[in-house]
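Enquirer: Following the hints, position chain L against chain Y.
Number of protein chains: 2
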Amino acid sequence: MVGKFKRLLIGRPMKSAEIEGEKLTKLKALAVLSSDALSSVAYGTEQILIVLMAAGFAAVWYSIPISIAVLGLLLILIFSYRQTIFAYPTGGGAYIVAKDNLGVPVGLLAGGSLLVDYILTVAVSSSAGTDAITSAFPSLHDHRVLIALIMIVFLTIMNLRGVTEAASVLAVPVYLFVISIFVLIISGVIKYLSGGIHAAVPEMGTTVSNISLFLLLKAFSSGCSALTGVEAVSNAIPNFKKPAEKNAAKTLVMMGTILGAMFIGISLLAYWYGIVPNPKETVVSQIANATFGRGIIYYVIQGITALILFLAANTAYSAFPLLASMLAKDKFMPRMFMVRGDRLGFSNGIINLGILSALLVILFSGNTENLIPLYALGVFIPFTLSQLGMMMRWIKLKPSGWRTKLIINTIGMLTTLTISLIFVLTKFSHIWMVFIFLPIVIFIFYQTNRHYHNTAEQLRIDILKDKPIIKGNTIVVPIAGITQVVKQSIGYAKSVTDNVVAVYVGFTDEDIERMEKKWDEWNPGVRLIVLRSSYRSVIRPLLKFINTVEWKNSETDHITVLIPQFITKHWWQHILHNQTSLVLRTYLINQKNVIITTVPYHLKR
Amino acid sequence: MVGKFKRLLIGRPMKSAEIEGEKLTKLKALAVLSSDALSSVAYGTEQILIVLMAAGFAAVWYSIPISIAVLGLLLILIFSYRQTIFAYPTGGGAYIVAKDNLGVPVGLLAGGSLLVDYILTVAVSSSAGTDAITSAFPSLHDHRVLIALIMIVFLTIMNLRGVTEAASVLAVPVYLFVISIFVLIISGVIKYLSGGIHAAVPEMGTTVSNISLFLLLKAFSSGCSALTGVEAVSNAIPNFKKPAEKNAAKTLVMMGTILGAMFIGISLLAYWYGIVPNPKETVVSQIANATFGRGIIYYVIQGITALILFLAANTAYSAFPLLASMLAKDKFMPRMFMVRGDRLGFSNGIINLGILSALLVILFSGNTENLIPLYALGVFIPFTLSQLGMMMRWIKLKPSGWRTKLIINTIGMLTTLTISLIFVLTKFSHIWMVFIFLPIVIFIFYQTNRHYHNTAEQLRIDILKDKPIIKGNTIVVPIAGITQVVKQSIGYAKSVTDNVVAVYVGFTDEDIERMEKKWDEWNPGVRLIVLRSSYRSVIRPLLKFINTVEWKNSETDHITVLIPQFITKHWWQHILHNQTSLVLRTYLINQKNVIITTVPYHLKR
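Respectively, the protein sequence lines represent chains Y and L. FYI, the UniProt record's numbering numbers position 485 of the first sequence as 485, with every residue one higher than the one before it. FYI, the UniProt record's numbering numbers position 191 of the second sequence as 191, with every residue one higher than the one before it.
Only chain Y is shown next, with the shape it has when bound in the complex (with noise of 0.2 Å):
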């Protein structure tokens, strides 16, 4: 039943062979890879006219250079991960990168602040989407932790389902939004041009009284959250059809110059419209409001960057259980996140990711503005480390022409790094956090990593000396009376070994006297020894007589402990027994160091 409902969900398990299919060709790439960073457009010119309004409407003008300068790291960051890509043809995450050339601490910090940046970008993306619907229709406003939910659920289950047909569904709102802003772009700046618009702006240039180089920082690094999901290119070159690096690295050149026309149209019409932020309408909305009024079209681009907010949230199902299973692979995280399910995908990550995603859309009741800080520095920390370690590498490796390569990275480095620090500067109300969360999370790496090294190290095995012992056998079966389950334990024993001893715990002298008599007539050909329990338990007096039997035989003999169980037919009928045969085991497995044998017992009815 269980089975069959998972074939329904997630369809029918694929071979490992099949995984070549699975692979992702440049455009469902684009699709799947570049929604989190496409989708930033509906945001990013607004983050920055945001914080201009703090120096008043005359400093409006200031977004247009500040749009060039986002544009400009936007080609540092993709000239920097090209270099990456061909450096890191398996996959070149920030992770990767800084752990190669910066050193493990360093790689676990960059790994860290990613695996908890793509559990935001669901939650965020998939909170902000829901505003976007709840905006257009206020009515569902009291559901919206549930169309997250909903949201993120199905996110999940189409990425259980395997990447392709994910890519499938995802492509074509992908591709909607991006001709739908270039359609919005194109009109508006030929309604522009026509004289379709009579606003007064701010003339560039224009000198403002009250600004400071503090708060165009300010609103550069604002602007800057329009970067966010550039790196997921480089982390999944291992998804890519062949020529992975070459098809990844244009991919990302695509994505890099979609994603900064998108974002410069629309700041230069945000500009020559006029266009002030406003909490009730987004930056865009207005754009297209002027441009093609409350139409169709309206609507239509509307919901679209809804949709888009959402699919941006599973750029993080690709990213998070690929760096999850590279993370387990290292032996930072458990070895479950390096299982491939069903459908070849890294199911543990994706279900993990689906459920630590949804708990945070809980947990902020999907108000998730505090989070978005939090978001854009979780970016911006493994962007530093990543092209700090590409520095490291140039030096060291010297390759030709690695001059200007240093100077790029060096220039996207000092960039991110005094981004990151402006974020730490203006906003650290709402990121503090992050410096609690990481310690924890590097610490966790390290605690797990250190017991698989232990474990590993004791289990390790000399195979020239180390064979197996052959020693006798004693066995143990507590029974509770004279039944068929006893019977085909006993007979179980006795095929074993001819050292078994039956033990029956009583709790009155006439239960025992009973069972003693009884079983001089039944007669198995067994020894049977009795306990009496003043306390009720039967689990107490049956481990204090293992105790004893292990410590006189242990030396000669395996101990093993025969657990007759028997198995009811529907499981609701389980708790109809008392589970003293599970409790037993539980306690015997984790405390002593018997064998445990169970030997089943099926009701038919």
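Hints in this document: simulated from the structure, not taken from any laboratory. Careful, some of the hints might be misleading.
Which copy is meant is left open, because identical chains are indistinguishable; a pair holds if it fits in one copy or across any two.
Taking lysine to aspartate or glutamate pairs in the EDC-like style, the calculated list, with each CA pair at most 20 Å apart, reads [unchecked claim]:
{"no.": "1", "residue 1": "K471", "residue 2": "D498"}
{"no.": "2", "residue 1": "K604", "residue 2": "D466"}
{"no.": "3", "residue 1": "K467", "residue 2": "E516"}
{"no.": "4", "residue 1": "K518", "residue 2": "D462"}
{"no.": "5", "residue 1": "K396", "residue 2": "D509"}
{"no.": "6", "residue 1": "K467", "residue 2": "D520"}
{"no.": "7", "residue 1": "K467", "residue 2": "E555"}
{"no.": "8", "residue 1": "K569", "residue 2": "E457"}
{"no.": "9", "residue 1": "K592", "residue 2": "E521"}
{"no.": "10", "residue 1": "K494", "residue 2": "D520"}
{"no.": "11", "residue 1": "K405", "residue 2": "E510"}
{"no.": "12", "residue 1": "K494", "residue 2": "D557"}
{"no.": "13", "residue 1": "K427", "residue 2": "E513"}
Expert: For chain L alone, kept in the frame of chain Y given last:
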């Protein structure tokens, strides 16, 4: 750790022989068993007045004859239950009496409705007590569910500690309540007789134009809510110190006398003072206010009234586990309800009652007005059935004086039946769920019973013919590499039989080749079978292989699957290992007839 916490909460474990010390003296029994009945005084009179007010203030004088009628019914119930106590000295709740004289199905009907009723008792009493507190301290109103839950948790822990200690804690407020109500009544009577009260009240016998028999009956049935809890003593006879039945009978009469005196006293004062029910102030509160004014004595009376309502819930904590253990003994409920815990109480019954009533409180947000009619009906169904059972008993056994006894029980039965019918007629919208819920409970009783009978039949053994059968052994050892764990497992298997096969599941040809080569080098004297898995599942190929072995050897051999398992030092380390062995074990034990041996390997770090 868990163990220590449990000790702190509920105390040291007690020997079975200590049970006599846990028995109740008459005075303690009065405290433990009567709080439910006595607390009804807090709302009984009020219920009558609320109904009468529908016919106008002139009708309030009917409260006196109705109260006397309720008193008459109380007398009948006391006589009736006294007869029951002596007829059933080992405990004569409605379940036992009905089952014994009217057959098992009727007994189960009585037992089922009592169980449900006990859960309602806890939910209603704790919520009503919370109401009393939050009326006094309105600032606590938002935390009412929490307060009710805290009370339930507190009562659960007290009862897990054991009956006597609970009695010691609970006796004080019960006696304080009795004393304070008597102080109130006596002071009130003195004040009235000394002419301190000047209220215009309708004289006895005033003609009321719009009064109907239906209304009077409804008022009478509402007043009968004062009688809930009277049955508690006859259910709990085995908890009394010897001679149990005499002590129980005396306790019952004591309780009836106190209850009757308090009830008629409050009703009389309410009439004399001309008190009108008021949703914002209880009748008791109005009487106390009129007698003492809003001084310290008033607040003490209100506080103790609130406390007694909480303690009423405690009655159910004695009754529910005992009834559940009786039903379990008759194989209608899971066996676990028969197990006495460390402190000799039926822990599972206590815990289940706590959980279920807490769920009710949460589900109804502590708003239990709608549950009160349900609660009263749940009491009067078993009242009726119990007395019907006693009638049958007298007719069948015909002991000396049986005619008088029969008449008493017949009157009682007819009265309680009428009240039940009035409940159904006048409050159907509140009690319909009882007609859905009760059949479900009884269905579960029968399903449980059938399962136990089927199991017993399948397990039964012919002691002369059914002897243990000795067979050969084939052992299958699934392995994932060559480690200390595998060495230990193979050693154990070879100690049992020469017929040992090791099985390895590989995902790639390289895996398999490497493993085969290493195995040859190690040469443990056991054949290695390698399986190739295309679906990355270890479990499925293993199951297939075990099927084959079973098919070939199960005639002559026991098939044992030996599962190496390492036990980590700390519980959290568990998640760091793929739980393959656990999954394999679960599959095998539920679906196949093979024996499963777990060889634990305890990691030391």
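Enquirer: It remains to establish, for every hint, whether it holds in the given structure.
Expert: Comparing the hints with the structure gives:
1. K471 x D498: So K471 and D498 pass the 20 Å test inside a copy (14 Å) and across (13 Å) alike.
2. K604 x D466: between (45 Å within a copy, 19 Å between copies)
3. K467 x E516: between (43 Å within a copy, 17 Å between copies)
4. K518 x D462: For K518 and D462, the Cα distance is within 20 Å only across copies (12 Å; inside one copy 52 Å).
5. K396 x D509: Neither way: K396 and D509 sit 83 Å apart in one copy and 38 Å across, limit 20 Å.
6. K467 x D520: Close across copies (13 Å), not inside one copy (43 Å); limit 20 Å.
7. K467 x E555: Classified as within; 18 Å inside a copy, 32 Å across copies.
8. K569 x E457: between (43 Å within a copy, 15 Å between copies)
9. K592 x E521: neither (34 Å within a copy, 32 Å between copies)
10. K494 x D520: Classified as within: same-chain Cα gap 17 Å, cross-chain 33 Å, threshold 20 Å.
11. K405 x E510: This pair counts as neither: shortest intra-copy Cα distance 89 Å, inter-copy 39 Å.
12. K494 x D557: For K494 and D557, both the intra-copy (15 Å) and inter-copy (13 Å) Cα distances are at most 20 Å.
13. K427 x E513: The answer is neither: 78 Å in one copy and 57 Å across copies each exceed 20 Å.
Going through the hint list in order, the structure does not satisfy hints 5, 9, 11 and 13.
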